[in-house]
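If you read the sequences in order, they're chains A and B. If you're matching positions, the first sequence starts at 12 in our numbering and goes up one per residue. If you're matching positions, the second sequence starts at 405 in our numbering and goes up one per residue.
Hints in this document: simulated from the structure, not taken from any laboratory. Be a bit skeptical, because a hint or two may be false.
Claimed, not checked - Here are a few chain A residues that sit away from chain B, every Cβ distance over 12 Å (derived from the structure):
#, residue
1, Ile-17
2, Trp-38
3, Gln-61
4, Gln-116
5, Ala-117
6, Ile-126
7, Met-223
8, Pro-224
As the list claims (entries may be wrong) - So the derived label-pair ranges between C-beta atoms look like this:
#, chain 1, residue 1, chain 2, residue 2, range
9, B, Thr-674, A, Gly-129, 30 to 40 Å
10, A, Ile-77, B, Asp-459, 36 to 46 Å
11, A, Ala-293, B, Asn-661, 39 to 49 Å
As the list claims (entries may be wrong) - Rough simulated footprint, nothing fancy, chain A against chain B, three-plus residues with beta-carbon under 8 Å:
#, segment
12, 456-463
13, 495-506
14, 650-662
15, 686-697
Idealized CB from N, CA, C, for every residue including glycine.
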Amino acid sequence: MTALTIPEQTVTSGGPQASRGMLHDMWVIARRGLVHMKRQPEALSDATIQPIMFVLLFAYVFGGAIDVPGEGNYREFLMGGIFAQTIVFTAFGVAMSLAHDRKNQAVDRFRALPIARGAVLGGHAIANLFKALLPIVLMSLCGLAIGWRIHDGLVHAALGYLLLIGFAFAMIWVGVLLGSVVATPEGVQGIAFAIMFPITFMASTFVPTESMPPFLRTVADWNPVTTLANSARELFGNPTTAAGPNDPWSIAHPITYSIIWIVAIIAVCAPLAVRAYQRSVAK
Amino acid sequence: MNNAVEAQGLVKRYGSTTALGGIDLEVPTGTVIGVLGPNGAGKTTAVRILTTLTDPDEGHATVAGFDVGTHGHEVRRRIGLAAQDATVDPLLTGRENLVMLGELHQLRRRDAVARAAELLDAFSLGDAADRRTSGYSGGMRRRLDLAATLVGRPEVLFLDEPTTGLDPRGRSELWTVIDTLVGTGTTVMLTTQYLEEAERLADDIILIDHGRIIARGDARKLKRQVGGDQVSVVVVEPAHLAEATRIIASITGSEPNVDAGARSVTAPTTLGVETLVLAAKEFTEAQIAVDDMSLRQPTLDEVFLTLTGSTADDAEESK
Ligand SMILES: Nc1ncnc2c1ncn2[C@@H]1O[C@H](COP(=O)(O)OP(=O)(O)O)[C@@H](O)[C@H]1O
Ligand SMILES: [Mg+2]
């Protein structure tokens with residue numbers, strides 16, 4: 012056994028350091044979140060393998076049986092839906108990170124440190140925003156490989172990507188709320204299957220809403236996942252539902268409707284989420 | 405500033421459980437206080453209040469001169485905390501853990517990196533520095549946790565049961581580390597379930613049970629309260645138990661505990677080694693064969709038995 016000899020200057024106390032600001036603290040915690048993601052590839056599967064599987068499954072297995080509005084190519088139709096679905100799943104990454112932090116007692120470790128209020132939450136939000144970029148890039152490449160193209164110019168495409176990122180930002184607050192209210196990582200996973208999958212399936216994600224029975228179609232038409240998918244299709248110049256005179260306002264104005272949802276989710280969820288998070292860590 | 409930690413009337417309740425029932429504390433700067441008590445006594449709750457992790461229901465406290473309730477941030481700038489379960493990040497390497505904490509202690513990245521290297525060396529973790537801590541042994545994780553508390557060069561250090569769950573070797577290794585820490589003038593508050601540990605490390609000991617302080621003082625004073633050491637004799641012949649009991653009672657002047665199954669007689673004594681000398685003489689004269697005769701410190705259980713009239717385990721169950 013090697014005896015530990017600790018030089019005196021290593022342990023003597025010094026004065027506390029001046030604060031380096033909230034952004035600094037957030038970024039340190041965001042970096043940790045990114046390292047976690049890199050070292051837990053299985054936790055990234057909802058942003059990588061899962062959407063690729065959906066693309067392949069729908070493009071090659073079910074795609075032939077699905078009619079696309081305006082006789083377009085189903086694969087081009089599909090990509091907007093896949094983008095929307097992976098963006099909605101951003102909520103889970105955040106919720107899982109928070110649940111893991113609580114399980115590993117990282118929460119208390121951070122709370123005993125001289126860091127800015129909100130830095131931990133902000134750090135998780137930044138890390139997960141980066142994480143949301145991963146499937147966007149990955150899906151774009153995957154889409155290109157199966158024949159999806161951007162047809163409506165780069166400006167519109169950029170707006171399309173921006174809208175997706177905006178929605179991801181809103182979903183982060185849903186995730187914070189979820190991760191603060193649900194106690195364990197397992198619980199978060201359970202809710203993912205019980206709520207998020209139905210929400211992303213009752214939408215124009217994989218099939219046009221025209222083909223749905225009336226009740227389901229109404230739900231799907233007002234589902235923001237539908238309008239997010241349709242907005243992406245419109246901005247990328249892919250086949251999408253052309254709004255008829257009997258279609259609801261959401262279908263006629265998918266982009267505006269999606270932006271309203273983004274603002275509404277942030278306005279409602281962010282304050283609730285911050286409060287729920289603070290309550291969950293205060294014990 | 406004379407007292408690094410001061411607390412008056414700390415009360416904390418969880419539902420119908422009173423975790424702390426009114427605790428007063430004064431820890432002079434540069435000293436080590438050992439908070440000794442069985443599981444559920446309220447040790448962690450006290451540490452959590454003093455480290456701003458939880459608010460007391462009543463009472464107030466200052467740490468390093470700042471009120472924990474109103475100036476939590478100032479307190480956090482001046483403390484280090486090793487929680488009961490080592491909370492190092494399992495997915496990060498030892499070095500990454502320390503660098504991150506250094507940065508969160510507001511060091512520049514370059515300084516945090518240098519600080520991490522220095523601490524890893526000091527705590528003999530240099531070889532494992534770039535491995536993820538999920539692969540560390542319990543002792544290594546504890547050492548890293550302790551190193552982590554020093555990243556910010558704290559004025560007051562809180563160590564919650566730092567050696568619980570370690571093997572004897574890991575424990576004595578950590579004791580050496582803690583010795584060095586306290587040798588440099590840092591104030592340390594350490595909780596433990598072992599009287600031996602509190603005696604070894606602490607200048608002053610506070611004994612708590614059911615959220616109340618039941619005794620305080622240095623180890624010698626506490627032991628005097630329990631009646632000093634414990635003498636224990638194991639006789640060869642069960643028939644000699646009665647006579648052995650009489651002898652021990654007459655030497656120690658206290659009522660011995662007799663365990664017929666183990667053929668042993670145990671009693672508190674204030675005479676130290678003298679007890680053994682006297683006993684050896686009397687047993688020889690009475691021609692009683694003895695298997696074993698020893699003098700040892702009282703266990704925490706025996707301290708509790710004396711001070712509260714119930715054993716630590718009974719106290720646990722009666723909750
Ligand atoms: N978060 C909590 N919720 C409910 N009860 C708690 C909580 N924390 C501690 N307690 C209770 O308070 C008492 C003291 O606990 P604790 O301070 O952890 O004791 P120790 O650290 O000495 O083992 C115990 O009875 C414990 O069950
Ligand atoms: Mg405890």
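Status of each hint after checking the structure:
1. Ile-17: violated, 4 Å
2. Trp-38: violated, 9 Å
3. Gln-61: holds, 22 Å
4. Gln-116: violated, 4 Å
5. Ala-117: violated, 6 Å
6. Ile-126: violated, 5 Å
7. Met-223: holds, 43 Å
8. Pro-224: holds, 47 Å
9. B:Thr-674 / A:Gly-129: 30 to 40 Å: Check failed, 58 Å falls outside 30 to 40 Å.
10. A:Ile-77 / B:Asp-459: 36 to 46 Å: Roughly 58 Å apart at Cβ, these two residues miss the hinted range, so it is violated.
11. A:Ala-293 / B:Asn-661: 39 to 49 Å: holds, 47 Å
12. 456-463: holds (count 3)
13. 495-506: Answer holds; 5 residues pass the 8 Å Cβ test.
14. 650-662: Coverage by chain A is violated for the segment 650-662 of chain B (0 residues, Cβ < 8 Å).
15. 686-697: With 0 residues in contact (Cβ-Cβ under 8 Å with chain A), the coverage given for the segment 686-697 of chain B is violated.
This entry does not satisfy hints 1, 2, 4, 5, 6, 9, 10, 14 and 15, going by the numbered hints stated previously.
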